[in-house]
Amino acid sequence: MEIVAVICHTMLALSALLYVARVAFGPSLADRVIALDCLLITGVVAIGVEATRTRSGTYLDVLLVVALVAFIGTTAVARFIERQSQP
Amino acid sequence: MSIGEAATSLALLTGCVFVLLAALGLWRFDDLYSRIHAATKAITLGVLLVIVAAALRMTHLDDTLKLILAAIFQLLTAPVSGHMLGRAAYWVGTPLSPHTVVDQLGPGADDGEM
Amino acid sequence: MTHIPAITWLLFVWLVLSGDVSARNIVAGILIAVGLVTIFQPSRHVDREIRVRPIRVLIFLGYFFIQFIRANLQVALAVLDPARIRHHRAIIAVPIAAPNDVAVILLANAISLTPGTFILEMHHEPPTLYVHILQLTTVREARLAILELERYIVRAVESPGALRRVEELIRQVAAEESDGERWV
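Residue numbers (the numbering used here), protein chains in the order written: chain A, 1 to 87; chain B, 1 to 114; chain C, 1 to 184.
Just so you know, the hints here were simulated from the structure itself, not pulled from any lab data. A couple of the hints might just be wrong.
[Claimed, not checked] Pulled a few chain B residues facing chain C out of the computed Cβ check, cut under 10 Å:
1) Glu5
2) Val17
3) Phe18
4) Leu24
5) Asp63
6) Gly82
7) Leu96
Note that the Cβ used here is the ideal one computed from N, Cα and C, for glycine as well.
Using the sequences provided together with the hints, build the complete structure.
Structure (structure tokens):
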């Protein structure tokens, strides 16, 4: 299980780097926001992997809150983009 | 390694592979809307797999319930946020890649639909 | 008060989050749920004439789950080899029979998780969905796939006449442009 967790975290770290790169480069605001949303969800997945490895539910509240914040943040920026198209 | 541990490990690995695939997809696709496809679907499956693996390994029932709640939440909200982003980006005029068919008014034209 | 389902759901979420099922906590949960519902006033425009069929709901969930897995396989293949979709993206208009709000919401959310489709916009006058397609074969096939999904949903969350309208739409779409342009 330890080896599996290490492999998983390596993949997640790589994904996080790619997402951050997209936040930096993404030509439009929507690109950046999608990447940010996915970055937060990658955090959620990392917490999930840790919870599976340690079999403890200590950080599950953090998992839920991060997932919620990711959704609300993405929706808020989407509404902002929408409002931009109405002069 | 027991069957349960093997199944959990497989679920964890597959979930993280899909997160990585989504990250690659954000780079290899050339327009925003395809990236939304990759981000929404692959990430949701990744999260679901990891949450299922974690739920199987929890010792308390309320932890498992919290994880199930998180899974339901993620499944319900991922399409919604992706849709809102795609729609907003379309009406601002975010370009499509070499597209084949568009059955809607030209990009950027304000339909007054909002 | 017609917000009983909302209150029940909020109470359940409260109990799961606080992890403590004592009488005191249940009362606190009910108070908070009622307070939230009064402050935020969820919409009351739910149609009264829908009938939920549990077996059909399960069938729909099974179909949806299979489609979700296929959607991810398609995305995985497309990521590994983007040439598959390079010239096959599209936005198509799909006429739907929109029987009630619940069915439309279910359909819109389900579309975003089925192979190659992603909902972009919706018009009400002739109920139409605008869907972004990742890998278009023919417009007709894509529309039929979405109408098929709607048929599963309409069977699960029925309102009078809806099933008939969906099947009529399916026949209409299947009949027209039988030699439409094929992009694959």
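Status of each hint after checking the structure:
no. : hint  : in the structure
1   : Glu5  : violated, 23 Å
2   : Val17 : holds, 9 Å
3   : Phe18 : holds, 7 Å
4   : Leu24 : holds, 5 Å
5   : Asp63 : holds, 8 Å
6   : Gly82 : holds, 6 Å
7   : Leu96 : holds, 7 Å
Violation of the numbered hints given earlier is confined to hint 1; every other hint is satisfied by the structure.
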